[in-house]
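Since chain U is already given, all that's left is putting chain A on it; use the hints.
2 protein chains.
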Amino acid sequence: MSLVVAKFGGTSVADLKRVRIVAGHVASCRDEGHDVVVVVSAMAGDTDRLIELGSSVVQQPDPREMDVLLASGEQVSVALLAMAIQERGLRARSFLANQIRMRTEGSHMRAKIQSVEVKRLQENIASGVIPVIAGFQGIGADGDVTTIGRGGSDTTAVAVAAALEADECRIYTDVEGVYTADPRIVEHAQKLDRVVCEEMLEMAALGAKVLHTRCVEYAHRYSVSLRVLSSFVPGTGTLICEEGEEDEMERPDVSAVTHDRNEAKLTVTRVPDKPGLAYKLLGPIGEAGISVDMIVQNVGAESLTDMTFTVKREDYQQSQEILRESIAELSDELSEEQVQLMNVVGDDSIAKVTVVGVGMRSHAGVATTMFETLAQYGINIQMISTSEIKISVIIHEDFCELAVRALHSAFKLDVAHPLAN
Amino acid sequence: MSLVVAKFGGTSVADLKRVRIVAGHVASCRDEGHDVVVVVSAMAGDTDRLIELGSSVVQQPDPREMDVLLASGEQVSVALLAMAIQERGLRARSFLANQIRMRTEGSHMRAKIQSVEVKRLQENIASGVIPVIAGFQGIGADGDVTTIGRGGSDTTAVAVAAALEADECRIYTDVEGVYTADPRIVEHAQKLDRVVCEEMLEMAALGAKVLHTRCVEYAHRYSVSLRVLSSFVPGTGTLICEEGEEDEMERPDVSAVTHDRNEAKLTVTRVPDKPGLAYKLLGPIGEAGISVDMIVQNVGAESLTDMTFTVKREDYQQSQEILRESIAELSDELSEEQVQLMNVVGDDSIAKVTVVGVGMRSHAGVATTMFETLAQYGINIQMISTSEIKISVIIHEDFCELAVRALHSAFKLDVAHPLAN
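Residue numbers (our numbering), protein chains in the order written: chain U, 1 to 421; chain A, 1 to 421.
Keep in mind the hints are simulated off the structure, nothing from the lab. Note that this is a predicted model, so its numbers are computed, not measured. It cannot be assumed that every hint is accurate.
Pairs involving identical chains hold if they fit within one copy or between any two copies, as the list cannot separate such chains.
[Claimed, not checked] In silico lysine to aspartate or glutamate, EDC-like type, Cα no more than 16 Å apart, as pairs:
1. K412 x E337
2. K274 x E333
3. K119 x D142
4. K412 x D253
5. K280 x E243
6. K17 x E52
7. K312 x D348
8. K280 x E329
Just chain U, same shape as in the assembly (with noise of 0.2 Å):
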């Protein structure tokens, strides 16, 4: 017998018939022979109307009101699918985070998970009892409530997993599991049995949509074995695994090709060659909220050089203006022809192709394949950024999906390869 934490998110419970189908899931595991914990996200497009209502009010709603409202969602799907698995004459009870002491530290709407109490859990468990968890909220100061930010329901299955040692962290969502690539772009993309964590952390960072960057790092950090697979089809889904638990005998160089269109590229050219420039121009940036992606600078001739960096495509305008605000206020400690000389371009046209793998680590030639197979194409690479486990490449967005099909192939992913199924 072992400890199974099964999240579902919004999709998988957005009509009362998904709910049933979720509690057949549940149902399902426990004839398996496992204890069950179960944690769900607000029926899909719930926290989307309760956003639009508190927005309609004011416009900028209090963050602590707003955090009240949205956890309503959670109330609701949390007490459909108790009643949902009671009807099938199991014993299911719902939580909400006060209820667990699910304490977060840190601002309203996006606040972190500090903690959670699992006596109650435990006894439940012991007695029979499914729990059925209210995702993506918690209690902060005082007792208020509190939310985790948008996906914050995964986040809070693995924490409730690290704190009952689950042997299992499910995560059942839309997808089957992680592909090699998109199968909308790529036709032959392979579902993978594994993943290791980190390559999983540089693909969800880089914008495939599975799971997200906190919940893949809070399993890392404690070791909790995560399975992502689809609520709608039968299958065993993907599981992200550490480093040496594949056979590493058989691991191929790259194990994905991910892309992600979301991006936009912002230039200041001709930047003097001095200290400190680049905090003068891409802090006020941060300090408004945006984050900054590929960062890319040369010094060239004259001491001067060119900065290019990436933003998300919504954050475009907003930073066009504050790059141009920040180089004005540089009229301090530059020369007036300096400040003149300076310029903002940008591009959002873009897309990021990137090849992941903890494979690359020690096979060299990946770069050397990635360019040359661009090249063959005519792709023009605009940008080029690497880690440890990936390279990424800027590149025209009109040559997104030929990029990622020439590549997949390239690094014989189309082909059924060693970890996939």
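Chain A in isolation, oriented as in the chain U frame:
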């Protein structure tokens, strides 16, 4: 400076426009120099929607989970109202039942309030914050979510007012106050400025749907000054006061004429005059959760009697069936002939018309005037039931409006009476 607890019902916050109107009432109350604590129900329709949602999952939903589901309605309205009050430049903060330890006892879906922790509320009031409290919900043993039955938010407001020793508890609703009769029936019905608590209790129990009996009882017991007024029409409403607070000299015999069409009458004929039979016949009805209102019995000739009582119209069919079963079971202690003789007859085309007034304690002749008036109009009285401050009669429902209008005139309530505005 005084402290006012203001409760707004579901129709008062039915949509965002109305939520803003309520925020306006709260702001006006502050402008008048009062400290304000707000109690709010779920937006009209929300509770019904949630009940339907729960009932579509399971025919008999678990009451514990139903409470979790239902309480989400108030969680939405407190957040929205707090935001709307903030938008007027005031400080407001929502509180759910668990945040102010609104402890309840008894079963789910009809729990009873035991205590409220006022410390946090007092601190907030002292620092200029307007607390916005979720009505209807409480916490039971283990911190589980409970609800206190339909219309429970009125009781929440009174409990909060009692705990905070508020100067007044204002129940904002969709009527302008308590009337001498239903204004939809009696054109010259007068709004009462004051009504004595005992009268209000009789009227609430008799189906004048302005306030729930439980709320009035609670206010009476804890000496909370209660005022009913409209969310939509300006005015001072009706103050529910203790006897003696109004001017005794001016007190009329009858304060109001109320009616209730939602009753049905059942008669068990030829019941042997034997101790314990009434209990054996009525007991099983009470056990089925059906509440019995008027009971009339007279011993007649041959030691046989007819026993008549009234129930809510929706319980009419079920009550008949239960009675027939109960009679069949009497064969243990009665002869076969006695059992055969008994019969159940009923009538659900009845109406109850009642005159209420603490003044009738000291004035004889109210019954005479009542029966005389009904006789003048040829209205047959089927049953009579009296208490110290009310006389109720059961008549055919076709005569209901006629009887109410005739009695309203006979007791001189049509002309502006001393306590009416």
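Which hint numbers does the structure go against, in order from smallest to largest?
1, 5
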